[in-house]
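Protein chains: 4
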Amino acid sequence: MIQIFVTGGTFDKTYDEIGGRLSFRDTHLNEMLRLGRARVPVHVRTLMMVDSLDMRDVDRDVVVHNCMQAEESQIVITHGTDTMVETAAALARAVVGKTVVLTGAMIPYAFGSSDGLFNLGSALSLVQVLPPGVYIAMNGQHFRWDAVRKNRDTGVFEAV
Amino acid sequence: MIQIFVTGGTFDKTYDEIGGRLSFRDTHLNEMLRLGRARVPVHVRTLMMVDSLDMRDVDRDVVVHNCMQAEESQIVITHGTDTMVETAAALARAVVGKTVVLTGAMIPYAFGSSDGLFNLGSALSLVQVLPPGVYIAMNGQHFRWDAVRKNRDTGVFEAV
Amino acid sequence: MIQIFVTGGTFDKTYDEIGGRLSFRDTHLNEMLRLGRARVPVHVRTLMMVDSLDMRDVDRDVVVHNCMQAEESQIVITHGTDTMVETAAALARAVVGKTVVLTGAMIPYAFGSSDGLFNLGSALSLVQVLPPGVYIAMNGQHFRWDAVRKNRDTGVFEAV
Amino acid sequence: MIQIFVTGGTFDKTYDEIGGRLSFRDTHLNEMLRLGRARVPVHVRTLMMVDSLDMRDVDRDVVVHNCMQAEESQIVITHGTDTMVETAAALARAVVGKTVVLTGAMIPYAFGSSDGLFNLGSALSLVQVLPPGVYIAMNGQHFRWDAVRKNRDTGVFEAV
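Residue numbers (the working numbering), protein chains in the order written: chain D, 1 to 160; chain X, 1 to 160; chain W, 1 to 160; chain L, 1 to 160.
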């Protein structure tokens, strides 16, 4: 069984047609798993629905705490890309003996042209085979939490 | 460097609007890698464009031969689902010391509702971490070539 | 109130993922009206679900009969493009005092890249403003039933 | 020949993946005409790329001036929905002897679930058949400029 924690991020941004702006409603994760015809058993739980630029320490504590408490040893977290590395670092300090893979998207899934489904396929596969540790899966690549940074100019995650 | 071999299958079926039927033209693979914002270095080569029900032994030999000759030790093959297991078996008999991951789709990528992008994310990630051997990646799961069959009634790949 | 009759055609073709071929299931029309946020009152009724190449005289009679019996004087018909002109001619011989607009698609709606939604917007608008008669609305154009043919080589409807 | 003037609005909003927000780049109009397989001859000209809430009197003057100067007597304008009625009123005061149809979208075209293509099909058809005047085409309906308002709560255009 794989635990999936949803925290928001671009991945789950949607268009509020009355307000004319991006907003968060429900996660698209279950729809994405259905589209991917995923047959691997998962628990999905939404922890929060925030832009990762708005994620505070107290929010990050919620993510860490939930990963620590989870019965599953394989955990995928959907997360905004801007502070994904910070959350990964917080997880690495506290979570032991589990494989945690963070992923996200550069374009909202609700847009036709999203990278979200590709990244979810990556993360869900990697969490089943990587040894315990905290990883980031983006751009068809994966990195240990302490060996990656997001290049803000290009939007690409790079090895450091 | 990862070698990607394209063989056709549902993955790459497209709609021929003059003839009003499904057909094959060019592969969608490069477009999908772009959509997924993949940054892992790949070679893409189209070996054939066939429905896997129409794949003959001589076609399968072409796939095997190309995998044997490839310089890369990480190979992804996009393939129709109906005979994916047969091709995997043929590869397992001939290719040694390489990680080969076959994947495909139940719905053409050109349809909005395809599982292809999800599966490509899976396969491209798995080929980087699995030990040498021949595998099938579908439905968010992966199987050794000799431990899987396609359930023709449900369209799902299952462990045997 | 506008009456919409569904007869199938490329418009409503879908992909049968078990059989790996195009087929018909339910119409996508209600979903399309929802997507278009249409607020014009409509009745939707599926008369048949056929490729228009398979439409026989008896099927065409069903379409004609339903248009004659309809209480509404504004009727949209979704129809395969290959014999749309034949059905329009049959309607013109029998239906009087009503505005009937036939439309269809070159690419199934279920594909992301369909012209179906564009054509439905056209047809639904034209049926509200054109004088009684039988028309074909395709390619952002509209034609009287006796002033159009489908160019089979290009897939485009042309004035004759 | 139909003149199409682009002014921005939700219709053409796109997602800026570096900034993580909605923005304007090039119009999607030509791509939409291609998708709709439109064969009606058009001129497309982008006048501005603004959210209609940010449209000032001076911008509205540009729209009016261009419609007055246009050689074509059939004009479609893509426009944000929030002040579409105001621009329609300004046009009605100045433009005579031409059919002008304003349209837009509640969801950006770049999202898969947009009403834009449906509305474009409507507007492009209506402009060819309606008598001279200024109209708004949304929700599968059309209204004279002085007989409509946008309901801000529901996002729907209604007769007044």
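Since the hints were made in silico from the structure, they are not lab data.
Hints are not guaranteed to be accurate.
Said to hold, decoys possible - Straight-line alpha carbon distances no greater than 30 Å define the calculated DSBU-like cross-link-like pairs of lysine-lysine that follow:
#1 D:Lys98 / D:Lys150
#2 L:Lys150 / L:Lys98
#3 W:Lys98 / L:Lys98
#4 D:Lys98 / X:Lys98
#5 X:Lys150 / X:Lys98
#6 W:Lys98 / W:Lys150
What the hints assert, rightly or not - Partner residues aside, some chain L positions facing chain D, computed with beta carbon under 10 Å:
#7 Thr10
#8 Leu22
#9 Asn66
#10 Asp82
#11 Phe111
#12 Gly112
#13 Arg152
#14 Gly155
#15 Glu158
For glycine and all other residues, C-beta sits at the position ideal for the given N, C-alpha and C.
### Restraint check, 10 Å cut-off on beta carbons, for Asp82 (chain L) near chain D
Status holds, d = 7 Å.
### Query
Holds or violated: is the Cβ of Gly155 (chain L) closer than 10 Å to a Cβ in chain D?
Status holds, d = 5 Å.
### Message
Checking one constraint from the list: CA of Lys150 (chain L) to CA of Lys98 (chain L), max 30 Å. Satisfied?
### Response
holds, 24 Å
### Hinted pair Lys98 (chain W) and Lys150 (chain W), Cα distance within 30 Å
Satisfied, since the Cα-Cα distance of roughly 24 Å is no more than 30 Å.
### Query
Given the hint that Lys150 (chain X) pairs with Lys98 (chain X), does the C-alpha gap stay at or below 30 Å?
Status holds; Cα separation ~24 Å.
### Given pair status - Lys98 (chain X), Lys98 (chain D), alpha carbons within 30 Å
holds, 28 Å
### Query
Holds or violated: is the Cβ of Arg152 (chain L) closer than 10 Å to a Cβ in chain D?
holds, 7 Å
### Message
Does the closest beta carbon of chain D sit nearer than 10 Å to the beta carbon of Gly112 (chain L)?
### Response
Holds. Min distance 4 Å.
### Query
Measuring from the C-beta of Asn66 (chain L) to each C-beta in chain D, is the shortest one below 10 Å?
violated, 25 Å
### Query
If you draw a straight line from the CA of Lys98 (chain W) to the CA of Lys98 (chain L), is it 30 Å or shorter?
holds, 28 Å
### Query
Is the shortest C-beta separation between Phe111 (chain L) and chain D less than 10 Å?
holds, 5 Å
### Query
Has the given pair, Lys98 (chain D) with Lys150 (chain D), been kept, meaning a C-alpha gap of at most 30 Å?
Roughly 24 Å separates the two Cα atoms, so the pair holds.
The structure is inconsistent with the numbered hints 9 and 15, although it conforms to all the rest.
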